[in-house]
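Student: Chains as they are written, first to last, in the working numbering: chain B, 4 to 659; chain Y, 772 to 1074.
In case anyone wonders, no lab produced these hints; they're calculated from the structure.
Nothing here was measured: the structure is a model prediction, and the numbers come from that model.
We put the CB at the ideal spot given by N, CA and C, even for glycine.
Among these hints, one or two may not hold up.
[As the list claims (entries may be wrong)] DSSO-like cross-link-like pairs, simulated, lysine-lysine; straight-line CA separation at most 30 Å:
id : chain 1 : residue 1 : chain 2 : residue 2
1  : B       : 481       : B       : 449
2  : Y       : 953       : Y       : 1006
3  : Y       : 953       : B       : 154
4  : B       : 358       : Y       : 965
5  : B       : 159       : Y       : 953
6  : Y       : 1006      : B       : 154
7  : Y       : 965       : B       : 307
8  : B       : 37        : Y       : 965
9  : Y       : 1048      : Y       : 885
10 : Y       : 939       : B       : 37
11 : B       : 584       : Y       : 976
12 : B       : 584       : B       : 639
13 : B       : 308       : B       : 320
14 : Y       : 826       : Y       : 885
15 : Y       : 1006      : B       : 584
16 : Y       : 976       : B       : 37
17 : B       : 351       : B       : 313
18 : B       : 338       : B       : 307
19 : B       : 37        : Y       : 942
20 : B       : 68        : B       : 183
21 : B       : 584       : B       : 607
22 : Y       : 976       : Y       : 990
23 : B       : 37        : Y       : 1006
24 : B       : 440       : B       : 598
25 : Y       : 953       : B       : 31
26 : B       : 159       : B       : 68
27 : Y       : 990       : Y       : 942
28 : Y       : 1048      : Y       : 839
29 : B       : 635       : Y       : 1006
30 : B       : 639       : Y       : 1006
31 : Y       : 965       : B       : 351
32 : Y       : 990       : Y       : 885
33 : Y       : 965       : B       : 308
34 : Y       : 953       : B       : 37
35 : B       : 154       : Y       : 990
[Stated by the list, open to error] Pair ranges (Cβ atoms, derived):
id : chain 1 : residue 1 : chain 2 : residue 2 : range
36 : B       : 539       : Y       : 912       : 28 to 38 Å
37 : B       : 468       : Y       : 916       : 56 to 66 Å
38 : Y       : 1011      : B       : 424       : 50 to 60 Å
39 : Y       : 1021      : B       : 539       : 35 to 45 Å
40 : Y       : 890       : B       : 539       : 44 to 54 Å
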Amino acid sequence: MSNASAQAGSLVSIPHLLARNVAKYGDKAAYREKEFGIWQSWNWAESADEIRAIALGFLELGVSKGDFVAIIGRNRPALYWSMVATQMVGAIPVPLYQDAVAEEMSYVLEHCGARFVIVGDQEQVDKVIEVQETVKGIDHIIYHDRRGMRKYDHSKMNALADIQATGRAAHDRFDAELEKRWTSLGYDDICVMLYTSGTTGRPKGVVLSNRNIIETSKNSSEFDHLRADDEILAYLPMAWVGDFIFSIGQAYWTAFCVNCPESQDTMMTDLREIGPTYYFAPPRVFETQLTNVMIRMEDAGRIKKWMFNKGMSVARKIGPDLLDGKSAGLVDRIKYGLGNLFVYGPLKNTLGFSKVRVGYTAGEAIGPEIFDFYRSLGINLKQLYGQTEASVFITQQPDGQVRSDTVGVPSPDVEIKIADNGEVFYRSPGVFVEYYKNADSTASTKDAEGWVATGDAGFIEEGTGHLRIIDRAKDVGKMANGLLFAPKYVENKLKFYSNILEAVVFGSDQDYCTAFINIDLTAVGNWAERNNIAYGSYQELAGHSRVLDMIQSHVEEINTSVAQDDMLSGCQIHRFLVLHKELDADDGEMTRTRKVRRRIVEEKYSDLITALYDGSKTVSTVTEVTYEDGRKGAIKATLEIRDARTVPSAQKMAAE
Amino acid sequence: MRERCPLLRRWLQNDGFGFEYFGNTEIGVLDMKDTYEPYVTDDGRQIGNVLMEMKNITLRFGGVVAIKDISFDIREGEIRAIIGPNGAGKSSMLNVISGFYHPQEGEVWFRGEKRKLMKPFEVANQGVARTFQNIALFEGMSVLDNVMTGRLTHMKTNIFQQALWWGKAEKEETENREAVEKIIDFLEIQAIRKTPVGRLPYGLKKRVELARALAAEPKLLLLDEPMAGMNVEEKEDMSRYILDVNDEFGTTVALIEHDMGVVMDLSDRVVVMDYGKKIGDGTPDEVRNNQAVIDAYLGVAHD
Chain B
4 MSNASAQAGS LVSIPHLLAR NVAKYGDKAA YREKEFGIWQ SWNWAESADE
54 IRAIALGFLE LGVSKGDFVA IIGRNRPALY WSMVATQMVG AIPVPLYQDA
104 VAEEMSYVLE HCGARFVIVG DQEQVDKVIE VQETVKGIDH IIYHDRRGMR
154 KYDHSKMNAL ADIQATGRAA HDRFDAELEK RWTSLGYDDI CVMLYTSGTT
204 GRPKGVVLSN RNIIETSKNS SEFDHLRADD EILAYLPMAW VGDFIFSIGQ
254 AYWTAFCVNC PESQDTMMTD LREIGPTYYF APPRVFETQL TNVMIRMEDA
304 GRIKKWMFNK GMSVARKIGP DLLDGKSAGL VDRIKYGLGN LFVYGPLKNT
354 LGFSKVRVGY TAGEAIGPEI FDFYRSLGIN LKQLYGQTEA SVFITQQPDG
404 QVRSDTVGVP SPDVEIKIAD NGEVFYRSPG VFVEYYKNAD STASTKDAEG
454 WVATGDAGFI EEGTGHLRII DRAKDVGKMA NGLLFAPKYV ENKLKFYSNI
504 LEAVVFGSDQ DYCTAFINID LTAVGNWAER NNIAYGSYQE LAGHSRVLDM
554 IQSHVEEINT SVAQDDMLSG CQIHRFLVLH KELDADDGEM TRTRKVRRRI
604 VEEKYSDLIT ALYDGSKTVS TVTEVTYEDG RKGAIKATLE IRDARTVPSA
654 QKMAAE
Chain Y
772 MRERCPLLRR WLQNDGFGFE YFGNTEIGVL DMKDTYEPYV TDDGRQIGNV
822 LMEMKNITLR FGGVVAIKDI SFDIREGEIR AIIGPNGAGK SSMLNVISGF
872 YHPQEGEVWF RGEKRKLMKP FEVANQGVAR TFQNIALFEG MSVLDNVMTG
922 RLTHMKTNIF QQALWWGKAE KEETENREAV EKIIDFLEIQ AIRKTPVGRL
972 PYGLKKRVEL ARALAAEPKL LLLDEPMAGM NVEEKEDMSR YILDVNDEFG
1022 TTVALIEHDM GVVMDLSDRV VVMDYGKKIG DGTPDEVRNN QAVIDAYLGV
1072 AHD
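The whole structure should be built from the sequences, with the hints applied where relevant.
Tutor: Now the structure itself:
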């Protein structure tokens, strides 16, 4: 222990870790990226050389200590290098969501007062130029991909490669200064600033120190025994804290290799080619993959289908047990071995999961069927619970104690307490320094003793010590009859059906609960095809009476299961409608990380909610939509409202 | 009175007689385009000397005169459109340019030389590539293989060397694959690289066809209705790619298109044909104010 902390003592920043990796793992692959159809790779020594060149170029440009440097683009080694180079010159990297529109970007760029912006391509340059009309602080734009950039005014703009070339040429002048800058970085200096996606209100800039990032990376790497020969695929937004921890924090701590896909669309192919050993994906990705597998199995030949069903029934029975290291009968083991040879092995290979040693999912609750499916194949998929403010990790599931309904035990060095109203609080070395320029929010989130409010309501399960999350604390309310109202709990149950993509439940201060449902076009579309149901558009399919019948049966099933729970039996859904459009981040109905913005949905569709409660059978509405290029349009629709059968709660039945 | 192209009519009525007709700035530009001096367009592209010149082309199929005594030129670096109502002879014209048809009269000059009687592949070797109105890809082959066929004019090894795939043939394929990958990247079709073309939707097939034509690194790119049958979004994408190709590689483009909005936005100069005759030639603005063009599209009133 003392050894470890002594080691950590000298490794006080990401540039320090980089220097150690070059010394210790110099010729081991650090970054790979598929470009022009071929995986290009850079070892730690080469990466350090590239980073250094960028840093020298920054000094030549006049980047000062404490400047904010915004980074916008898809996951590419050059952008990761830019982040580390930014840290080397004592500036602070601020990665932004690349799919944000200019308007969203301008708030963040203004708030942090970024002097320099590093972007991936022309699309992002155009957005930043638009932002510059209102935000005046941006001195210089640096872009990576030269395509289409020839005719832009370059008086305040450069290609990243040119910055590197200038840096290399000027190294005599700046070597000493650069050395001074990065060696003087301290453990409590700012490592990175990340903007939270903000389910409510404006995004907040979370300031994380080197201590936060490095301690967390160290603890979590040790928790899962990550090794230098691990491989990850970096495909989640760079602005998200998880990507920063996985692709920079843990990658630099353990010196594993970060692989960047060729483009967003090729992610699945690249996943298969790389075969990562350490993998993270939000539940939605696992859901989509499972839906695709199931759809393809529906279309498969009879023999294949038989093999798949037979294999999966064996896997469901003993797969999770084998993964947890529990004993299983010899016959079952042989069956599982055969299944692995003919079904699970090839399937895992197709999905790109052949080599996954540690897999995580987080962000939302994952359906038990989905979770068990992957675990029964022998993929060590686990759950974690985290926040930007905690540098990700609050709780995670240790190997052998994995369940779909908990989020695990507190991560190393993390303390947890539950407040009287059920809200979860934590304290850890990963706890953020502050919200940038927002002392009020900092004070209301983090108290003097360092306890941070998560905003989530939950409880610690007796016996196992696992944390279970029910809902957002502020969304948990009371219904008019005094029963507990926890919308997320019901929504998650609904979303576990592959036909339902998204659900929003209402009922706070009302007599009963109602819901909006979004159908999953892939699953329902395939179902429609198989049942000879013709449809011309999303809207038409969503309003089809047989689709409504199907959704109604799902709603009634969950009503039965919700009724089992004494505390939450009031949350059964009495009336629902299927929305005529998908909830979309471009319309502000969801965050960029695809979480529903409840209040905005409530405001926007208030006419529909009224109809849900006034007993009408149909409702006509006009909805404004925003296209990807920012133009607006409107969709008109008449929606049918259905009544769902509800079940008296277990408690009441006992009383009667 | 006859009406043959409602799209153009609408466009003519909307802003066909706009104020720019009287503006003097337009005239300055026109003057420049009438000379044969190289010049730079408003958006910064370099337009050079004449690349191809058609001199008094007449094409007959038996007694039918498809093209009647037409002359026009295509200048290096420009986007040149050929428009006209159905049956005006546009596709025939494109086929003459690509060497598929041989006109009975007239001369085709390419890069300062008069073209002798040539087979289409010889024309292709000269640096002319094209796409087709009805997609002509190899449906059973992958996107990558389809685009690779566009490199055929750049391959020197013979069929036996390629079959053995040894020494020079291997090296050659690697080089050509590199060029193809750059185009795949440029047109953003990485995700379908290994997908058989038959499985792709129409819009993507069109893009693959463009990729194959580009793979030949043509001096002159001929596009036969690149946007036919596309929705608005696909049209926008395709327009963007055509502009990017022209801008990034400096490829000269000659295209036939029905969508007037697209033609007028994309092209530097437009040739208008009707019944095999040329009835207009000039910048989009000139053409849209040309009385003969308006008559051809809107018809002439009997009064």
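Student: Each hint: holds or not?
Tutor: Hints, verified against the model:
1. 481/B with 449/B: holds (27 Å)
2. 953/Y with 1006/Y: holds (23 Å)
3. 953/Y with 154/B: This hinted pair holds, its Cα atoms lying about 21 Å apart.
4. 358/B with 965/Y: Distance of about 24 Å is within 30 Å: holds.
5. 159/B with 953/Y: Distance of about 28 Å is within 30 Å: holds.
6. 1006/Y with 154/B: holds (24 Å)
7. 965/Y with 307/B: holds (24 Å)
8. 37/B with 965/Y: Satisfied, since the Cα-Cα distance of roughly 15 Å is no more than 30 Å.
9. 1048/Y with 885/Y: holds (22 Å)
10. 939/Y with 37/B: holds (26 Å)
11. 584/B with 976/Y: holds (29 Å)
12. 584/B with 639/B: Within the cut-off at roughly 10 Å; holds.
13. 308/B with 320/B: Roughly 18 Å separates the two Cα atoms, so the pair holds.
14. 826/Y with 885/Y: holds (10 Å)
15. 1006/Y with 584/B: Judged against 30 Å, a Cα distance of about 24 Å means the pair holds.
16. 976/Y with 37/B: Holds, at about 24 Å.
17. 351/B with 313/B: holds (17 Å)
18. 338/B with 307/B: Given that 30 Å is the threshold and the Cα spacing comes to 17 Å, the pair holds.
19. 37/B with 942/Y: Given that 30 Å is the threshold and the Cα spacing comes to 21 Å, the pair holds.
20. 68/B with 183/B: holds (11 Å)
21. 584/B with 607/B: Holds - the C-alpha atoms of residue 607/B and residue 584/B are around 13 Å apart, at most 30 Å.
22. 976/Y with 990/Y: Holds - the C-alpha atoms of residue 990/Y and residue 976/Y are around 23 Å apart, at most 30 Å.
23. 37/B with 1006/Y: It holds: about 29 Å lies between the C-alpha atoms, which stays within 30 Å.
24. 440/B with 598/B: The given pair, whose Cα atoms are some 25 Å apart, holds under the 30 Å limit.
25. 953/Y with 31/B: Between residue 953/Y and residue 31/B the Cα gap is close to 28 Å, so the pair holds against 30 Å.
26. 159/B with 68/B: Holds: residue 159/B and residue 68/B sit about 20 Å apart, inside 30 Å.
27. 990/Y with 942/Y: holds (25 Å)
28. 1048/Y with 839/Y: holds (5 Å)
29. 635/B with 1006/Y: holds (19 Å)
30. 639/B with 1006/Y: holds (26 Å)
31. 965/Y with 351/B: holds (20 Å)
32. 990/Y with 885/Y: holds (16 Å)
33. 965/Y with 308/B: Satisfied, since the Cα-Cα distance of roughly 26 Å is no more than 30 Å.
34. 953/Y with 37/B: holds (13 Å)
35. 154/B with 990/Y: holds (22 Å)
36. 539/B with 912/Y: 28 to 38 Å: holds (33 Å)
37. 468/B with 916/Y: 56 to 66 Å: Since the Cβ atoms of residue 468/B and residue 916/Y sit about 58 Å apart, the hinted range of 56 to 66 Å holds.
38. 1011/Y with 424/B: 50 to 60 Å: holds (53 Å)
39. 1021/Y with 539/B: 35 to 45 Å: holds (43 Å)
40. 890/Y with 539/B: 44 to 54 Å: holds (47 Å)
In this structure, every one of the numbered hints holds.
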